[in-house]
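Chain U: place on chain E using the hints.
There are 2 protein chains.
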Amino acid sequence: MAESSSAATRVPVVAKLLTANEQVAAGNRATFQGHGNLVINIMASPGAGKTTLLLATIELLRAASVKVGVIEGDVASQVDADKIATTGAPVVQINTGGSCHLDAPMVRSGLEALPLEGLDVVFIENVGNLICPVSFDLGQDYNIALLSVPEGHDKPYKYPGIFEAVDLVVVTKSDLLPYLDFEVDTFRELVAGLNPNAPILVVSAKTGEGMDTWTGWVREKLAAR
Amino acid sequence: MAESSSAATRVPVVAKLLTANEQVAAGNRATFQGHGNLVINIMASPGAGKTTLLLATIELLRAASVKVGVIEGDVASQVDADKIATTGAPVVQINTGGSCHLDAPMVRSGLEALPLEGLDVVFIENVGNLICPVSFDLGQDYNIALLSVPEGHDKPYKYPGIFEAVDLVVVTKSDLLPYLDFEVDTFRELVAGLNPNAPILVVSAKTGEGMDTWTGWVREKLAAR
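The listed protein sequences derive, respectively, from chains E and U.
Using numbering that gives the first Met the number 0, read the first sequence as starting at 0 and increasing by one per residue.
Using numbering that gives the first Met the number 0, read the second sequence as starting at 0 and increasing by one per residue.
For reference, chain E alone in the conformation it holds in the complex (with noise of 0.2 angstroms):
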């Protein structure tokens, strides 16, 4: 047994410890500072349309002169970044091994390999999962999530996690609406009910529909830093 504590005793109170990826987020974000960049961290499930989307935001930001990278994240393979690299945007693949989520250091470990200090922003695109990612801060500024018409309508009962933990929840493939059952304004209604403060975009990067107000978005907060 300790002895007692005499009245004199300070009794030290640590509120909060940093976790190790905490720590590393931190070093992330002091760096993505110090250069400038916006940081948005995208999540999404498998086949959502995290990559599709990227490809046509990279083409607009650039007519508007903004200069993106991109992190991607996958458990194997790298045909995303090959994808990401045909617009000639810097990328970097970092894949996880088999973890459902990246974590602060590996986002660190891909920083060398981009010229952060020519970039405006940076996307990460985290590995497809709507329930991993989630816990792990990256050093990012804001946390988006995409959600795919054909997922359904239905997902924030069941993965409530996500949606209230994002700044921007972006449903995609919006030109597929004719063909599947999916109800936005019930899909707007269980977000809201979870996160009444996170706006919510409709899009298609194929016909374009709604990709001036998601990129004015980014823009805007761009604007903000």
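No lab work stands behind these hints, which were simulated from the structure alone.
Where is the CB? At the ideal position from N, CA and C, for every residue including glycine.
Wrong hints could be hidden among the right ones.
Unchecked claim - What the simulated footprint calls covered on chain U by chain E, stretch by stretch (three residues with Cβ under 8 angstroms from a Cβ of chain E suffice, anywhere in the stretch; the number is not a length):
hint, region
1, 34-46
2, 70-81
3, 128-135
4, 152-159
Structure of chain U alone, referenced to chain E:
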């Protein structure tokens, strides 16, 4: 330091220790086998059409006098179990409370809620995720992966583990093939490269395409028990 072994000392070698999950999974398997249940674990992304496939499958198998029960796994909510219940099939919902996969003890906890002795087939609908569920034995006889047409044919590159692990791959939402760039032949080649023995079926629960082949696969496995 331990003492040196004498020449006569027998060294026990434990070839493989069962994990806690594997021990419970073995118990689940014995329970299912004792009741003559065929147990199929369904894994897929969020919104790939697991529940919709099950709804149509339950009706088709009922018409063939095959009795089906369902174990529904989700992070939160019981919306999927409520849908299954509309068919009259016995169903139990398991909420993982944040975990990205079912495990054997979770399945165990749901078994008392099902009338196993009267069931031919038990489907386990795992949490929507292409990564985490692959590593956890639940006591099932077969693993299957669904991949929906909107997710894209490139997913085996990025999530090889699940395609290596399953006994059957089902491409869902084939009714959307006319509207999307999903290359069925490319997908078949990619899966075959990872898992040459897994059959690949193409189905639409909406139009009925391929559903007889899929339920035929289930009935074949049931007959072989």
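Legend entry - Violating hint indices (sorted, rising): none
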